[in-house]
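Just so you know, the sequences run in chain order B and X. Heads up, the first sequence is in numbering that gives the first Met the number 0, so the first residue is 0 and it goes up one at a time. Heads up, the second sequence is in numbering that gives the first Met the number 0, so the first residue is 0 and it goes up one at a time.
These are calculated hints, taken from the structure and not from any lab test. Just so it is clear, CB atoms sit at the ideal spot from N, CA and C, and this is done for glycine as well. Take these hints with a grain of salt, some might be off.
To be verified - Below, in silico cross-link-like pairs of lysine-lysine (DSS-like), each with a Cα-Cα straight-line distance of 27 Å or less:
id	chain 1	residue 1	chain 2	residue 2
1	B	Lys-86	X	Lys-140
2	X	Lys-217	X	Lys-140
3	X	Lys-220	X	Lys-121
4	X	Lys-140	X	Lys-121
5	B	Lys-121	X	Lys-140
6	B	Lys-121	X	Lys-217
7	B	Lys-121	B	Lys-86
8	B	Lys-82	X	Lys-121
9	B	Lys-241	B	Lys-271
10	B	Lys-121	B	Lys-82
11	X	Lys-15	X	Lys-121
12	X	Lys-217	B	Lys-86
13	X	Lys-140	B	Lys-82
14	X	Lys-15	X	Lys-140
15	X	Lys-220	B	Lys-121
16	B	Lys-241	B	Lys-229
Said to hold, decoys possible - Residues of chain B placed beyond 12 Å of chain X at every Cβ, according to the derived structure:
id	residue
17	Thr-178
18	Gly-194
19	Lys-271
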Amino acid sequence: MTAALISLNRATKSFGQGDARITAVDHVDLSVERGQIFGVIGHSGAGKSTLIRLLNGLERADSGEISVAGLDLSHASEAALRKARLKIGMIFQHFNLLWSRTVAQNIAFALEIAGVDRATTKARVTELVGLVGLEGREDAYPSQLSGGQKQRVGIARALANHPDVLLCDEATSALDPETTDAILDLLSDINRRLGLTIVLITHEMHVVRRICDQVAVMEAGKVVETGPAKAVFAQPQAEVTKRFVRQITSADTVDGAFDPALAGGVEGTLIKLIYVGPLARQPVLADAIRQFDLPINIVHGRVSRTRDAAIGELYVEVPAEGAALDALLAYLAERDIVSEIVRGGAQS
Amino acid sequence: MIELLFPNLRIDQFWKATVDTLYMTGLAGTATFVLGLLVGTILFLTSPGQLLANRVVYGALSLATNIFRSIPFIILIVLLIPVTRFLVGRMLGVNAALPALVVGAAPFYARLVEIAFREVSKGVIEATRSMGGGIGTIIFKVLIPEAGPGLASGLTVTLISLVGYTAMAGVIGAGGLGHLAYLEGFQRNNGDVTLAATGMVLVIVFAIQFVGDLATRKLDKR
Ligand SMILES: Nc1ncnc2c1ncn2[C@@H]1O[C@H](COP(=O)(O)OP(=O)(O)OP(=O)(O)O)[C@@H](O)[C@H]1O
Ligand SMILES: [Mg+2]
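All chains, please: the whole structure from these sequences, using the hints.
See below:
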């Protein structure tokens with residue numbers, strides 16, 4: 000018998016009646032070891048929220064076994080569940096703070112529920128405020144905080160009663176990329192320092208890649224793939240996983256955009272061309288080469304996809320300046336190509 | 000000065016009527032607040048999709064509040080005469096108005112309470128449950144404080160209606176400014192008395208509105 004902190008055995012949960020019945024979690028088997036950061040990734044409606052809510056009994060399974068920190072949640076009474084929840088912290092996409100309470104009072108709320116006395120509460124709140132880096136903001140109301148700060152309050156509140164597990168339901172989905180990374184770093188720091196087990200669900204590959212040890216991929220209520228995060232990404236088996244992996248690899252090339260300052264050995268003028276839609280249908284560059292008798296050298300190119308169009312960016316190097324350059328740019332402009340001189344090439 | 004403007008006004012009578020109106024509004028208001036909060040909480044919790052969702056209880060309570068809210072107050076007083084006799088013992092004086100005032104105002108406030116609770120984010124209730132909070136925690140530490148501004152502004156509106164109700168109750172003998180305006184003013188053809196009573200009612204209503212707005216703003220940390 001392994002020391003799995005969380006284990007699910009054929010856990011199933013469905014909603015609705017008759018034809019409208021949806022099996023949100025379909026015979027899921029999972030096990031999470033103590034101290035792990037376990038990620039569950041899947042698209043919207045895959046059943047991730049339902050799955051994580053099964054782990055603190057906010058949702059009761061229709062069938063199957065669920066055990067968390069030694070308690071059999073599938074057969075626990077409501078009272079036993081309430082007690083167990085003190086040791087299962089949870090944070091949310093929309094933070095879910097009480098706006099009528101200050102930061103300190105919001106954190107203290109979890110301790111009030113646990114029946115902790117005033118003096119202990121006060122000390123613990125101070126400690127937690129420090130842990131999540133909110134010193135000085137104790138008396139602020141949630142409406143006065145940024146999203147990242149609100150989530151820090153959420154984390155402090157979830158950790159108040161020294162839980163065994165922290166459940167995160169899309170905890171960074173409402174945050175911008177930088178704040179997302181700051182919160183993820185905080186979570187992984189807490190995981191390391193306190194040895195806290197974290198289960199997080201997300202639809203963002205970035206989140207899993209950044210902090211998860213283990214990952215499970217969900218689709219239509221089923222876990223289609225699970226294993227160490229690195230292994231799953233190195234050799235994705237299921238089609239959804241492959242798509243998620245492609246999401247980050249393509250995101251990488253977009254993120255790691257061409258930095259013209261680093262492009263060594265460029266002679267002549269470096270021009271950035273921006274065009275919408277496929278350039279290939281019109282051999283503009285080839286025609287330009289012929290017409291102006293200029294060797295146009297492609298240095299870097301990429302296509303980024305927006306919702307309804309593809310936007311191309313091309314960095315080209317042309318040994319031209321002055322009037323010849325002007326003529327070329329005018330030629331391109333006529334063909335709806337926006338150009339921008341990145342380096343060199345004085346225009347006349 | 001006062002004698003000149005209001006020659007027929009007897010100051011002692013006027014003060015007594017003012018105190019009676021305040022007494023009726025205050026007492027009926029307190030009872031309305033408690034009863035309305037209770038009924039409103041049950042309405043909210045038993046409504047579809049909520050923690051204690053229960054079609055039968057919600058349906059019955061909802062119907063009852065709608066009925067009492069729809070009966071014109073003057074008819075409600077008449078309908079409640081037997082109940083009042085049983086509770087208060089006689090059909091005259093300020094206390095006699097109380098049952099009708101509460102029955103008239105509490106269902107109205109209950110609805111406002113239900114609406115105010117509906118504004119509380121479901122996520123916060125969920126978070127409370129995730130922390131191990133039970134129904135008591137949810138009612139007293141989440142719903143009521145989070146709905147504070149709504150409860151306060153709802154109470155303001157209800158109290159102002161209550162002032163109006165006390166005036167109506169005054170006509171059938173409950174005392175207060177309505178009674179003064181009708182009996183001493185209208186029936187004896189003393190326009191100045193009616194005017195003075197109206198002025199005082201306005202002062203009371205404006206004061207309630209002012210305090211209510213202040214409390215609502217103070218409670219609102221959003
Ligand atoms: N209380 C409920 N009543 C009825 N259907 C529900 C309920 N909760 C979830 N569902 C359904 O179960 C399915 C899974 O929902 P769930 O919220 O678990 O998905 P998710 O993976 O968390 O999606 P998202 O990324 O959009 O949050 C959905 O089809 C949803 O409509
Ligand atoms: Mg979800």
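Proposed proximity, Lys-140/X with Lys-86/B (alpha carbon, max 27 Å): Judged against 27 Å, a Cα distance of about 20 Å means the pair holds.
Restraint status (C-alpha distance of Lys-241/B to Lys-229/B at most 27 Å): holds, 13 Å
Minimum Cβ distance from Gly-194/B to chain X greater than 12 Å, as the annotation requires: holds, 21 Å
Lys-271/B remote from chain X - nearest C-beta pair above 12 Å: Its Cβ never comes within 12 Å of chain X, the nearest being 45 Å, so this holds.
Hinted pair Lys-241/B and Lys-271/B, Cα distance within 27 Å: Answer violated: Lys-241/B to Lys-271/B is near 32 Å, above 27 Å.
Agreement of Lys-15/X and Lys-140/X with the hint, judged by alpha carbon distance not exceeding 27 Å: Distance of about 41 Å is beyond 27 Å: violated.
Hint consistency between Lys-140/X and Lys-82/B [alpha-carbon to alpha-carbon, up to 27 Å]: holds, 18 Å
Distance restraint between Lys-140/X and Lys-121/X, which requires alpha-carbon spacing of 27 Å or less: Given pair Lys-140/X, Lys-121/X holds - Cα atoms ~14 Å apart, limit 27 Å.
Lys-220/X paired with Lys-121/B [C-alpha distance capped at 27 Å]: holds, 22 Å
Restraint check for Lys-220/X with Lys-121/X, where alpha carbons must lie at most 27 Å apart: holds, 18 Å
Pair hint outcome, Lys-217/X versus Lys-86/B [Cα-Cα no greater than 27 Å]: violated, 35 Å
Pair hint Lys-15/X and Lys-121/X, alpha-carbon separation not exceeding 27 Å: Not OK: Lys-15/X and Lys-121/X at ~48 Å, beyond 27 Å, violated.
Checked against the numbered hints above, the structure violates hints 9, 11, 12, 14; every other hint is satisfied.
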